[in-house]
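Q: Spelled out from the first residue to the last, the chains are:
Protein chains: 4
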Amino acid sequence: METNPCNNPTNTGFTVPVRVSRESRPDGTIVSINGVEVGGKEVVVISGPCAVESSEQLFEIARTVKKGGARILRGGAFKPRSSPYSFQGLGEEGLKMLREISRETGLPVVTEVMDTRQIEMVSEYADMLQIGSRNMHNYPLLKEAGMSRKPVLLKRGMMATIEEFLLAAEYILNQGNTQVILCERGIRTFETSTRNTLDLGAVPMLKRLTHLPVIVDPSHGTGLRYMVPPMAKAAIAAGADGLIMEVHPRPEEALCDGQQSLYPEEFMQMMADLKKIAIAVGRDISLP
Amino acid sequence: METNPCNNPTNTGFTVPVRVSRESRPDGTIVSINGVEVGGKEVVVISGPCAVESSEQLFEIARTVKKGGARILRGGAFKPRSSPYSFQGLGEEGLKMLREISRETGLPVVTEVMDTRQIEMVSEYADMLQIGSRNMHNYPLLKEAGMSRKPVLLKRGMMATIEEFLLAAEYILNQGNTQVILCERGIRTFETSTRNTLDLGAVPMLKRLTHLPVIVDPSHGTGLRYMVPPMAKAAIAAGADGLIMEVHPRPEEALCDGQQSLYPEEFMQMMADLKKIAIAVGRDISLP
Amino acid sequence: METNPCNNPTNTGFTVPVRVSRESRPDGTIVSINGVEVGGKEVVVISGPCAVESSEQLFEIARTVKKGGARILRGGAFKPRSSPYSFQGLGEEGLKMLREISRETGLPVVTEVMDTRQIEMVSEYADMLQIGSRNMHNYPLLKEAGMSRKPVLLKRGMMATIEEFLLAAEYILNQGNTQVILCERGIRTFETSTRNTLDLGAVPMLKRLTHLPVIVDPSHGTGLRYMVPPMAKAAIAAGADGLIMEVHPRPEEALCDGQQSLYPEEFMQMMADLKKIAIAVGRDISLP
Amino acid sequence: METNPCNNPTNTGFTVPVRVSRESRPDGTIVSINGVEVGGKEVVVISGPCAVESSEQLFEIARTVKKGGARILRGGAFKPRSSPYSFQGLGEEGLKMLREISRETGLPVVTEVMDTRQIEMVSEYADMLQIGSRNMHNYPLLKEAGMSRKPVLLKRGMMATIEEFLLAAEYILNQGNTQVILCERGIRTFETSTRNTLDLGAVPMLKRLTHLPVIVDPSHGTGLRYMVPPMAKAAIAAGADGLIMEVHPRPEEALCDGQQSLYPEEFMQMMADLKKIAIAVGRDISLP
Chain A
38 METNPCNNPT NTGFTVPVRV SRESRPDGTI VSINGVEVGG KEVVVISGPC AVESSEQLFE
98 IARTVKKGGA RILRGGAFKP RSSPYSFQGL GEEGLKMLRE ISRETGLPVV TEVMDTRQIE
158 MVSEYADMLQ IGSRNMHNYP LLKEAGMSRK PVLLKRGMMA TIEEFLLAAE YILNQGNTQV
218 ILCERGIRTF ETSTRNTLDL GAVPMLKRLT HLPVIVDPSH GTGLRYMVPP MAKAAIAAGA
278 DGLIMEVHPR PEEALCDGQQ SLYPEEFMQM MADLKKIAIA VGRDISLP
Chain B
38 METNPCNNPT NTGFTVPVRV SRESRPDGTI VSINGVEVGG KEVVVISGPC AVESSEQLFE
98 IARTVKKGGA RILRGGAFKP RSSPYSFQGL GEEGLKMLRE ISRETGLPVV TEVMDTRQIE
158 MVSEYADMLQ IGSRNMHNYP LLKEAGMSRK PVLLKRGMMA TIEEFLLAAE YILNQGNTQV
218 ILCERGIRTF ETSTRNTLDL GAVPMLKRLT HLPVIVDPSH GTGLRYMVPP MAKAAIAAGA
278 DGLIMEVHPR PEEALCDGQQ SLYPEEFMQM MADLKKIAIA VGRDISLP
Chain C
38 METNPCNNPT NTGFTVPVRV SRESRPDGTI VSINGVEVGG KEVVVISGPC AVESSEQLFE
98 IARTVKKGGA RILRGGAFKP RSSPYSFQGL GEEGLKMLRE ISRETGLPVV TEVMDTRQIE
158 MVSEYADMLQ IGSRNMHNYP LLKEAGMSRK PVLLKRGMMA TIEEFLLAAE YILNQGNTQV
218 ILCERGIRTF ETSTRNTLDL GAVPMLKRLT HLPVIVDPSH GTGLRYMVPP MAKAAIAAGA
278 DGLIMEVHPR PEEALCDGQQ SLYPEEFMQM MADLKKIAIA VGRDISLP
Chain D
38 METNPCNNPT NTGFTVPVRV SRESRPDGTI VSINGVEVGG KEVVVISGPC AVESSEQLFE
98 IARTVKKGGA RILRGGAFKP RSSPYSFQGL GEEGLKMLRE ISRETGLPVV TEVMDTRQIE
158 MVSEYADMLQ IGSRNMHNYP LLKEAGMSRK PVLLKRGMMA TIEEFLLAAE YILNQGNTQV
218 ILCERGIRTF ETSTRNTLDL GAVPMLKRLT HLPVIVDPSH GTGLRYMVPP MAKAAIAAGA
278 DGLIMEVHPR PEEALCDGQQ SLYPEEFMQM MADLKKIAIA VGRDISLP
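Protein chains in written order, with our numbering: chain A, 38 to 325; chain B, 38 to 325; chain C, 38 to 325; chain D, 38 to 325.
Isolated chain A, as found in the complex (with noise of 0.2 Å):
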């Protein structure tokens, strides 16, 4: 973008692509999720199991996030899992809970998408799209989503470079759906003290490269549950518009990712310091 060789925004010059850059749109993108907005000057978090497991369980785990000032609801109904063998989801049982759970508590909800052969079905019950990371090279999968009309959520290939994890969503874009967010959520590294590297420089670079709204997992992009709420104020302090993270009653009988899961009561103590981290970059958390 600059010239000044001391004012690279990145080391290696690569262009960003047109749609997404900054440039075509230097004000920002405000994405709307059911009325909820990110990108503007309120952080938003969004909250919920890693899986739907069960009715019970999505609606215990809803009410205690939004108490807690979560604004979107999260659970996977379809799980892309390293083993054939892990747990794979309610399937649309799961989105059925979903929708069921938004319509109880006002909260939309955001949930994954593998396939897409799913994404009508999806569309029918969730509010916005996740394209995971382990689909982010899925390039059918991007402009399917790209054709849709629902807002979609975009995680970084736990493998993909910023460039990359641009062009990505370029797909999408390109195909006229402007309603996407991107989300950091830990790459991997020869550190494997931590499940994922989170890589917070990403933020201020891509809110340097693009327009649209960037948020950060730091859930998945630890793994570790204890590093959860000074990596969330990290994130909110490097400039991020919102984040994502795993909350469950009883993480240790969780089907999946219960060690990365936080306790109902440490979600809750998280919010009030996350707020202060808020409003002293400028911005704030509207916690209920």
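It cannot be assumed that every hint is accurate.
As the list makes no split between identical chains, a pair holds if one copy fits it or if it spans any two.
[Unchecked claim] The calculated lysine-lysine pairs, modelled on PhoX-like cross-linking and capped at a C-alpha distance of 25 Å, are: (1) LYS313 - LYS187; (2) LYS312 - LYS104; (3) LYS104 - LYS313.
Worth flagging that the hints you see were computed from the coordinates, not collected in a lab.
Please build the complex by placing chains B, C and D on the supplied structure of chain A, with the hints as guidance.
A: Just chains B, C and D now, kept in the frame of chain A:
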């Protein structure tokens, strides 16, 4: 440490070495650099040029960073450079300049030591010895630093795991020197749009595993000037005890690392912002 | 597998999934692609252009590689490209060209499938389905490939561990399709002077852990033409059952991956050299 | 080097430093270690224990590897260990054992030097100085090695790019010592099922870029005994001028790296196989 798998401090379950382990000093260690304490309530900022270039340059920067709120002056006299044809530093002459300007400004100085044979000389001039990223695995140097009576700033190897970082610190403590500060400065990953990937997750993990103070270097961690302020804020939000960063009055003329050095006015503005974050996490930065 | 720590098959000790485990078929699996057997004594070379560009181009290359000793023709009709603005392949038209040229030359063809909705169509034209690196984690696609009756060439994800690679293959076998060939094609590391880092250590490890044939792609694994012949030799020396590589008569005009495509005469020369290595490790390559 | 983008020697286009550049010595350099030449037609095998443990152990291994066809004896007297509590080597006592057994067997010896202060002493006993992976960025050590008159075996840093590796060698040549052998020994990646990822692509790239001989260490490069023979074969097939590998009569009792050390009988068998590969690529290994 814990036995509940839902409360693991790391994914890999390595054993923290005995002398650096937080269990051995649950209240944490405060390192004192000629009266400036790191590891207490105050967040300490260390700043200065990448390399000492001249007495005038150093004095100009020292006054600037002191005015901005830095408590310790940094500056390289011996520079580890990838190429034998790059500027290698002023050597002892640079050390003398550091000492003189320390006397004039009252700021303690930290500077890098690259060779076991330099430790005695550098110790005559510096208040704290820095062991750089490329020497984190230099065990003879770690042992010699452990035998010195100077505080040591130990930077994480750019491709060192947290476990190896703690073991490197253990080499120093094992020789009787407990005045060690750990510094996260970015790791090498597949992502090259930033110079390194700043691993802020290292901050909460190290704070949990060890009693040693932990600081962050957002200059080397990103390599890009505009990313330094947001990542500095994020580091404090994540729990860092301090920061080390590069400032240069004319970065485009700097003999090294100009692209990541802050302009003086950026440094001033950033310090005011950092204070707000420090307060939001229950800490403080004393500004002049 | 073993209990003597001095004979561990891996450093991490993961459990090999049951259906792909060598223990379940100690003698190894031979995959037959329309009569061409991979996994036996013969080392099989698959070659062709990166993308099908035209009938003439494809026919020219097919004759060349057949003459050189290739036994199977490769060519992309659906191309996964990082940018939506890059050439995306000829689609079904390209598949028809592949089929026609297969008929004329007698070479079976392998081509990539990127979407569950394409499997039926691609199966009509191709003798083997390729699942590319970017889709190794695409579980719905793996399941559908597992339900097809076509042999599957599964490429390792550029970010996938050996454990994840085996689990991806297990998804296919778990649906009843045991005709799976594994392909090491380079992983993403900090080193960017090559396009990827070809992990030839994957060959002996996979051969020990699983009964499936293992081949290597030195074109994508290096991204540089002059490195293809030496790495092809190395792959056979390491125990690979085959190779897949790109050839183009005018690489400088190729619509994709020209820099890594061999000139026809290079291919010819290389094949003679590969035969020598094959014989040196007790195998063979039948040249015309 | 070339200007046709289809014949680039690297993806990143870095400039090869002048003294190591192949352009400065197109015919290549032959390094002579007390009469044993590396870089000529003969592929040279260096072998011995990880660490010198006792005179008896060293003598037993030296006779074995000499009988198998090794031309140079390796063995560590100063060992760089991640933990201060691991065996650190026998020091000068170990050097004396190396010298004595060299005299008895006629094998020249190579051993690691970790500190500038050790170079003089080690030079009295060793025929070649090894600079280990952890010290590839230790510039004072490189300079001192450049001032010595001994041949230097420079191992690639586990975190070093090819460009940095060449620059490290340039530090040595720049001091007047051109007797440098480069050793690829595995890099650190996300894959942890092997100790390191052996980057055999480094061999053809280095052979093209520099006139210095290139050898490979399949022991450290994999960390697993059964992978050593196939990767040794692959290294020769890729064009390596030599190999360095660990042998131990009772690996399960070794004081370090037992899991990657070959049993004597494995070494013998492997050498016969390596000779076949060497001949297949137009080189040779002289067996006793």
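Q: The structure should be examined with respect to each hint, and the outcome stated for every one.
A: Verification of the supplied hints:
no., hint, result
1, LYS313 - LYS187, "neither (32 Å within a copy, 38 Å between copies)"
2, LYS312 - LYS104, "within (14 Å within a copy, 30 Å between copies)"
3, LYS104 - LYS313, "within (18 Å within a copy, 27 Å between copies)"
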